[in-house]
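With the sequences and hints as input, model every part of the structure.
Chain residues, written in single-letter form:
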Amino acid sequence: MSVVIVQLFASYAELVGRTTITVPLTDGDRVSDLLRNLRSVPLASALPESPRVAVNHAFAAGSTRLHPGDEIALIPPVAGG
Amino acid sequence: MSRSALVDRPIDPAALIDEISSPGCGAVSLFLGTVRDTNEGEPVTGIDYTAYRAMAEAELAKIVDEAMRRFGGVAVVVEHRIGTLALGEISVAIVAAHAHRAAALDGVRYVIEELKRRVPIWKLEHYADGTRAWVDPTTAHRPRVSAYQ
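From first to last, the protein sequence lines stand for chains C and A. Counting from 1, one number per residue, gives the positions in the first sequence under this note's numbering. Counting from 1001, one number per residue, gives the positions in the second sequence under this note's numbering.
Source of the hints: derived by calculation from the structure; they are not laboratory data. Beta carbons: idealized from backbone N, C-alpha and C, even for Gly. None of the hints are false.
Simulated DEER-style distance windows between Cβ atoms:
hint	chain 1	residue 1	chain 2	residue 2	range
1	A	Gly1073	C	Ser45	43 to 53 Å
2	C	Gly69	A	Ile1017	39 to 49 Å
3	A	Pro1137	C	Ser40	28 to 38 Å
4	A	Gly1073	C	Ser2	45 to 55 Å
5	A	Asp1018	C	Leu43	41 to 51 Å
6	A	Arg1101	C	Met1	52 to 62 Å
Mimicking SDA-like on lysine to any residue, the simulated pairs with C-alpha atoms at most 25 Å apart in a straight line are:
hint	chain 1	residue 1	chain 2	residue 2
7	A	Lys1116	C	Ala60
8	A	Lys1062	C	Ala60
9	A	Lys1116	C	Leu15
10	A	Lys1116	C	Glu14
11	A	Lys1062	C	Arg65
See below:
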């Protein structure tokens, strides 16, 4: 078991009060595992249950496998334009 | 020839038109997004735009590339501004140029619709009563929050 640092932005950063959150992760885990593990992190209790996840600057499906060094972020509903 | 960028300074639409126009283009289409003075009936005084910059730039570049492939190689330049904007200021400008009008018009429409759906940029609206709220297009209700530091 290791951990991964997940970036937070906008409303999610405000809900948690920080711009990053540390989540437990095991080798071979997928995005869906990350979201499940996120629920065990007390700081994350204010976040929605299934936020959109980006891995290495692209939206990632639940089945996406995570690797050491991946840049992971939770993406609140976007509102550009 | 096509280009996309997040910028921290005012957007100059005329410069973007000059940049993307060419003698072979008989059609140049421009879309501007500006800061509106109300949202859902609330008087708005300004908007802070923030972004997940690396991803927003990557996603914008992908969208421009898709537009080129979908609409006959249309040339596109898009700039989205980040930072605090006053009423009426330009938040986004998209210019598309092509030999013919259909691709230029379709290209602009495609880029703004996909940008609003996929590019990680967020708005913190400032209201006349001093409160602020993150705009969430997925819900009509936006709980008020204190100023984001």
